[in-house]
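Colleague: We have chain S already, so just place chain H on it with the hints.
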Amino acid sequence: EAQVTQNPRYLITVTGKKLTVTCSQNMNHEYMSWYRQDPGLGLRQIYYSMNVEVTDKGDVPEGYKVSRKEKRNFPLILESPSPNQTSLYFCASRGFSLNTEAFFGQGTRLTVV
Amino acid sequence: AQSVTQLGSHVSVSEGALVLLRCNYSSSVPPYLFWYVQYPNQGLQLLLKYTSAATLVKGINGFEAEFKKSETSFHLTKPSAHMSDAAEYFCAVRNYGGSQGNLIFGKGTKLSVKP
Numbered sequence: 001e002a003q004v005t006q007n008p009r010y011l012i013t014v015t016g017k018k019l020t021v022t023c024s025q026n027m028n029h030e031y032m033s034w035y036r037q038d039p040g041l042g043l044r045q046i047y048y049s050m051n052v053e054v055t056d057k058g059d060v061p062e063g064y065k066v067s068r069k070e071k072r073n074f075p076l077i078l079e080s081p082s083p084n085q086t087s088l089y090f091c092a093s094r095g096f097s098l099n100t101e102a103f104f105g106q107g108t109r110l111t112v113v
Numbered sequence: 001a002q003s004v005t006q007l008g009s010h011v012s013v014s015e016g017a018l019v020l021l022r023c024n025y026s027s028s029v030p031p032y033l034f035w036y037v038q039y040p041n042q043g044l045q046l047l048l049k050y051t052s053a054a055t056l057v058k059g060i061n062g063f064e065a066e067f068k069k070s071e072t073s074f075h076l077t078k079p080s081a082h083m084s085d086a087a088e089y090f091c092a093v094r095n096y097g098g099s100q101g102n103l104i105f106g107k108g109t110k111l112s113v114k115p
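Taken in sequence, the protein lines are chains S and H. Note that the numbering used here numbers the first sequence so that position 98 is 98, with each residue one more than the last. Note that the numbering used here numbers the second sequence so that position 96 is 96, with each residue one more than the last.
Any given hint might turn out to be false.
Claimed, not checked - Pair by pair, the computed Cβ-Cβ distance ranges are:
#1 H:55 <-> S:15: 45 to 55 angstroms
#2 H:18 <-> S:63: 40 to 50 angstroms
#3 S:28 <-> H:46: 15 to 25 angstroms
#4 S:5 <-> H:60: 13 to 23 angstroms
#5 H:83 <-> S:109: 21 to 31 angstroms
#6 S:83 <-> H:54: 43 to 53 angstroms
Read the hints as simulated data drawn from the structure, not as lab findings. For glycine and all other residues, C-beta sits at the position ideal for the given N, C-alpha and C.
Bound conformation, chain S alone (with noise of 0.2 angstroms):
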């Protein structure tokens, strides 16, 4: 089955204490994502990957790090998390025409005190 899971789903963190979350397809997708998911905003994108070692900014990265050292995965870091970064996060991937859609993962609830 053509899925994104990320890893974990819930997780409630202090500040400062560094985490990854953990995103995987097995569509063999060029692109993936991050977005995160506030009330009243919709979702922004945080990092994109166009490929292997090919990552770049999104609309609001600060804070964030994500790395793309294999083609399936693409974690997303916060080095020193703040009560700002609590948020709904989705993974997502697509293929490289600009006409498919992107396949989302489950989300990951995260709450940072």
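Modeller: Coordinates of chain H only, in the frame set by chain S:
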């Protein structure tokens, strides 16, 4: 630059009634447009997409949307609402500039269905 506006953050309909969720886009080039649905505690699932073929696009679960260039609209409709349609719906446009074709989302419309 592309952008999307969804009119109405909340829409409530009765079961069996017409569902109409509004989406207007801004794009200087022919757009690729998408509707996604998000059920509680789940990720986004594609309902349908417009990629410059037929202007009336049929999707899953009985939903359809019509691309109207003159009105820069891509409204989502369903003739008869079902309780299971209660969810949040997002319209999105493909961004040709900037982030290599990322999706730009509207703020979402939460659909409630009354029995």
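Colleague: How does the Cβ-Cβ distance of residue 55 of chain H and residue 15 of chain S compare with 45 to 55 angstroms: does it lie in that range?
Modeller: Holds, since residue 55 of chain H and residue 15 of chain S (Cβ atoms, about 50 angstroms apart) stay within the stated range.
Colleague: Against the range 13 to 23 angstroms, how does the distance between the Cβ atoms of residue 5 of chain S and residue 60 of chain H compare: consistent or not?
Modeller: Hint holds: Cβ distance 22 angstroms, inside 13 to 23 angstroms.
Colleague: Against the range 43 to 53 angstroms, how does the distance between the Cβ atoms of residue 83 of chain S and residue 54 of chain H compare: consistent or not?
Modeller: holds (47 angstroms)
Colleague: Go ahead and decide if the range 15 to 25 angstroms is satisfied by the Cβ distance of residue 28 of chain S to residue 46 of chain H.
Modeller: For residue 46 of chain H against residue 28 of chain S, whose Cβ atoms are near 18 angstroms apart, the range 15 to 25 angstroms holds.
Colleague: Starting from the range 40 to 50 angstroms, see whether the pair residue 18 of chain H and residue 63 of chain S falls in it by beta-carbon distance.
Modeller: holds (43 angstroms)
Colleague: Taking the CB of residue 83 of chain H and the CB of residue 109 of chain S, does the distance hold inside 21 to 31 angstroms?
Modeller: holds (25 angstroms)
Of the numbered hints listed earlier, not one is contradicted by the structure.
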